[in-house]
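The working numbering numbers the first residue of the sequence shown as -18 and each following residue consecutively.
No lab work stands behind these hints, which were simulated from the structure alone.
Backbone N, C-alpha and C define an ideal beta-carbon position, used for all residues, glycine too.
Wrong hints could be hidden among the right ones.
Stated by the list, open to error - Below, simulated BS3-like cross-link-like pairs (lysine-lysine); rule was C-alpha separation at most 30 Å, straight line:
1. K32 x K155
2. K139 x K99
3. K121 x K139
4. K86 x K112
As the list claims (entries may be wrong) - Computed spacing ranges between beta-carbons, pair by pair:
5. N21 x Y140: 41 to 49 Å
6. S75 x L(-1): 19 to 27 Å
7. K112 x I23: 39 to 47 Å
8. S55 x N16: 34 to 42 Å
9. N51 x K86: 39 to 47 Å
10. N96 x S127: 38 to 46 Å
11. I23 x T91: 39 to 47 Å
12. L(-1) x Y140: 26 to 34 Å
13. G26 x I(-5): 35 to 43 Å
14. K99 x N49: 34 to 42 Å
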Amino acid sequence: GIINKNFSRLNDNIYSDLDVFSIDLQNNEIEFLSNFSFSNIINLGELNLNKNRIKNINYIIWSITLSNINTISSLFLQNNEIEEINEDFTDTFSHLEYFDLIGNKISKITNFSFNSLKNLVFLHLDFNRLKNFDFIQFSKLKNLNSLSAENNVLNLIKYESDFELNSIINLNLKNSNIN
């Protein structure tokens, strides 16, 4: 894998034309990724951007989408400053199985944000600021086994009986102060 330190932004082609499985960019000061930060990377399976200053998840979505990477199975975004997930993930993320968003500032997720993540198995939303938790947000995730939203401030949990979440084995809403 590739490990770097002391980045505040990732410019175009900073990682290009590589054949690597893992890029570890945790513990930097990254706030921004350009649209082509990861151009032509072959076989990228794991991207770790934990402990940075990323506020807008759309930078990551478009950087990876425009770079034509469709092999990522694990995406780590722990302890950033992401506030909402309002963008649909593209089909580029169809192989994503593990998505870690622990310790951000997420207060809003749209009902369609995760729809294209068909192979997602683990989704971690712990220690965020989620107020509403609507299970319809996860209804298209037929392979989702573990959904964790521990330590959020939930005002509303909504579950419609006309859709199934049969694949979920582990549902963790511990310490979420449900009002």
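Taking the hints in turn, this is what the structure says about them:
no. : hint                     : verdict
1   : K32 x K155               : 23 Å, holds
2   : K139 x K99               : 22 Å, holds
3   : K121 x K139              : 16 Å, holds
4   : K86 x K112               : 11 Å, holds
5   : N21 x Y140: 41 to 49 Å   : 43 Å, holds
6   : S75 x L(-1): 19 to 27 Å  : 21 Å, holds
7   : K112 x I23: 39 to 47 Å   : 41 Å, holds
8   : S55 x N16: 34 to 42 Å    : 22 Å, violated
9   : N51 x K86: 39 to 47 Å    : 29 Å, violated
10  : N96 x S127: 38 to 46 Å   : 18 Å, violated
11  : I23 x T91: 39 to 47 Å    : 32 Å, violated
12  : L(-1) x Y140: 26 to 34 Å : 44 Å, violated
13  : G26 x I(-5): 35 to 43 Å  : 19 Å, violated
14  : K99 x N49: 34 to 42 Å    : 19 Å, violated
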